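Trainee: Residue numbers (this note's numbering), protein chains in the order written: chain R, 1 to 182; chain W, 1 to 588.
Calculated directly from the structure, the hints in this document are not laboratory data.
No experiment lies behind these values; they were computed from the predicted model shown.
All residues carry an ideal CB built from backbone N, CA and C; glycine is no exception.
Treat each hint with caution, since some may be false.
Straight-line alpha carbon distances no greater than 25 Å define the calculated SDA-like cross-link-like pairs of lysine to any residue that follow [stated by the list, open to error]:
#1 W/Lys315 to R/Gly44
#2 W/Lys303 to R/Thr166
#3 W/Lys315 to R/Ala37
Label-pair ranges, simulated between beta-carbon atoms [unchecked claim]:
#4 R/Thr175 to W/Leu48: 19 to 27 Å
#5 R/Leu102 to W/Asp295: 37 to 45 Å
#6 R/Val55 to W/Leu108: 29 to 37 Å
#7 R/Lys95 to W/Asp118: 50 to 58 Å
#8 R/Ile61 to W/Lys42: 39 to 47 Å
For reference, the chains in residue letters:
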Amino acid sequence: MAKSKSAYSVPGKIGKIERHIIVVWVDNEAGVLARIAGLFSGRGYNIESLAVAEVDKKKHISRITIVTEGTPQVIEQINLQLKKLVPVHKVADFKRGEKDILFRELALFKMLANANKQEKIKKICKKFNPVVLDKTNKSFVIQVTALRAEIDKLAIDLKRLGLISTSRTGAVAMTKGPKVFN
Amino acid sequence: MPKLFTGAEIVFKALEDQKVDYIFGYPGGAVLPIYDELKNHKSIKHILARHEQGAGHAAEGYARSSGKPGILLVTSGPGATNAVTALTDAYMDSVPLVCISGQVPTHLIGTDAFQECDTTGITRPCTKHNWLVKDVNDLARVLHLAFEVATTGRPGPVLVDIPKDIQFKKGKYSFSKSTLKKKLNGRATHKISNNELDKFIDLLKKSSKPIFYTGGGVINSGPQASEYLRELVSLTGFPITSTLQGLGAYPGDDPQFLGMLGMHGTFEANNAMHDCDLMINIGARFDDRITGKVDEFSPGSKKIHVDIDPSSIGKNIKVDLAIVSDVSEFLKSLIKRFKEKNKNFLSSNKQKTSKWWSTIEKWREKKSLNFINSNKIIKPQHAVQRLYELTKDKDTFVTTEVGQHQMWAAQHYKFNKPNRWMTSGGLGTMGYGLPAAIGVQIANPGKLVVDIAGEASVLMTMQEMSTAVQYKLPIKIFILNNEYMGMVRQWQELLHEKNYSESYTAALPDFVKLAESYGCVGMRAKTPDELDEKIKEMVNIDRPVIFDCLVDKAENCFPMIPSGKPHNQMILGPEEEEEISDEGKILV
């Protein structure tokens, strides 16, 4: 008998890792976020970011946007496992880079910067809908909305200009055009 | 103004409307209002266990042998945490359970009150769904929804946590029968299309080396599913193998049945799985004990997978045709369609599969379940075979614990009907069989119920013998006593250079005296020549029995697929044992 490698733990061919944005509509009830987060942690899936808020006050529906990574098989499992949860109404799955999907993330940056630097910073942020929310002669807080990768890059650029605190929402997503996801 | 009921009354009204006849439970401070109400509901009987885990497994045994959901009633804190093993077991093996747990009063939740724990938090990963009821007016709706979730789609456990103040409070009760629909995991029933059926039939017709691989889904789909399966297998003339959980769906003594597959499956079943050109998976889930090495699992076959749970499909093994459906509904449509278009399939297709069958016969000639018998010492396999021969004419129900004895029972006891075999497969819970036997006996009064046990496993829930005695349940605990945790010992022998670390139990109790102290009957068999007489005696005793069957301490369970090997590389017996690779060692 030829010696063979182990079977149970080592997966055979690992598929290509893809980044997906998964949108989940859930009943906004106690513990629902724990169910979603527990599903991910319990099955070893990865959560890169998670954004959640109630979107229908009357029906108490919350919309959760999860950015995750995995092989196509894992992504499929995530979708199917989510659909099995009782408070989950529907699940939409978008691959990063799909054309008819909009992604946005909001970030707040607090900068230690004098007036001179502040102008420079605003210039760097120009493409990302900058709004100055607070301003003193030593510091200011600027809000931007952009794609995740853009904010990642921006944070690095701002580091050397006095960035002392960052707050990000995680990505949210919506389809383009009149169509909604059903 | 509608009539108002207390929370405790609402619990029983809901149980009555769900036609519950037995509850398995254990009282405590936070469920006392519900226990107080018990006396007013004569149609519901409470079975008092000795530990909440025992109550849980008993509810599982009841559910699996009756097809109805098992009901579990426990108190807060330790009551709920003790039930967790049983809930997880039921979750892994798709057993419908409704667990009602008491909780500290609403105003004390979150204060670390006496016997408080985060029950819904703890049980979230081991239930299909759970609820903490904070408003008595939600209680009726939640309870009926709990039954619906537990019993529809892929069945499983649910938990309803009821704070003590809610049990006292008054609220409305309503129940509309229309909520009970057959659904797929909470979704609408999938309509099977003719297109799917034709694709299925086309694959059947093209195959020259087919095999049916069936599992617990057939059992869970109800007795009708087993009937349809038998019809389909006989219409096609194809060989069939079954997982541990699927045993009994197809007759174990039928010539088309190749025996169980998987890690301790038969040589013919595993080789047929490996070499087939068409694998028809009905209600099984490509578990790792079945597939072995995933990369080398049945490399040349087309695969069909029928499962009610969409997330079971494609999870471990990619398939060519996936059908999300209840087994019974699917097989019914399939057989109808198949018969319409293929009148003489069996005779016209015989030629095509004859070579395959002769290959299978060659594998069969290996007689992989054989063992070297002895006339001095009882071989455990021999004990199971004798038990089978002496009980097969009765409608016998068998439960098991977990370990070598479980595999020997699966290999040597042949089941002919569904719902007769209750074993902990997914979670592998030692201590399952004894309390499960209690639940089985409750659901099947007058029938012979045997727990084929190991001495280590059975000690984990031995206290439930007291329950069996209290309710006069004549269960038979048939212990294959080798003084070792046999499967642990076997792995240590094969993988850890015979370093039998902590797998030997010194100071075991005298099981005969233990039986007597519980008020049941104790028996012991030491040699093969007294075995038959003692088994016959055991079967005829109308009281609970602990049967201490002293067996060969060193016997290993074969055949076996060692870790890290594909299906066609089995070890058939001791003479074939070989070094297992280092990678294999970590995979037990």
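Trainee: Could you run down the list of hints and mark each one as holding or not?
Mentor: To see whether the hints hold, each was checked on the structure:
1. W/Lys315 to R/Gly44: The given pair, whose Cα atoms are some 14 Å apart, holds under the 25 Å limit.
2. W/Lys303 to R/Thr166: The given pair, whose Cα atoms are some 51 Å apart, is violated under the 25 Å limit.
3. W/Lys315 to R/Ala37: holds (20 Å)
4. R/Thr175 to W/Leu48: 19 to 27 Å: Because 57 Å falls outside the window, the suggested range is violated.
5. R/Leu102 to W/Asp295: 37 to 45 Å: Since leucine 102 of chain R and aspartate 295 of chain W have Cβ atoms about 40 Å apart, the given range 37 to 45 Å holds.
6. R/Val55 to W/Leu108: 29 to 37 Å: holds (34 Å)
7. R/Lys95 to W/Asp118: 50 to 58 Å: Given range 50 to 58 Å: violated, Cβ gap about 37 Å.
8. R/Ile61 to W/Lys42: 39 to 47 Å: Holds - the Cβ-Cβ distance for isoleucine 61 of chain R and lysine 42 of chain W, about 44 Å, lies within 39 to 47 Å.
Hint check: violations occur at hints 2, 4, 7; the rest are consistent with the structure.
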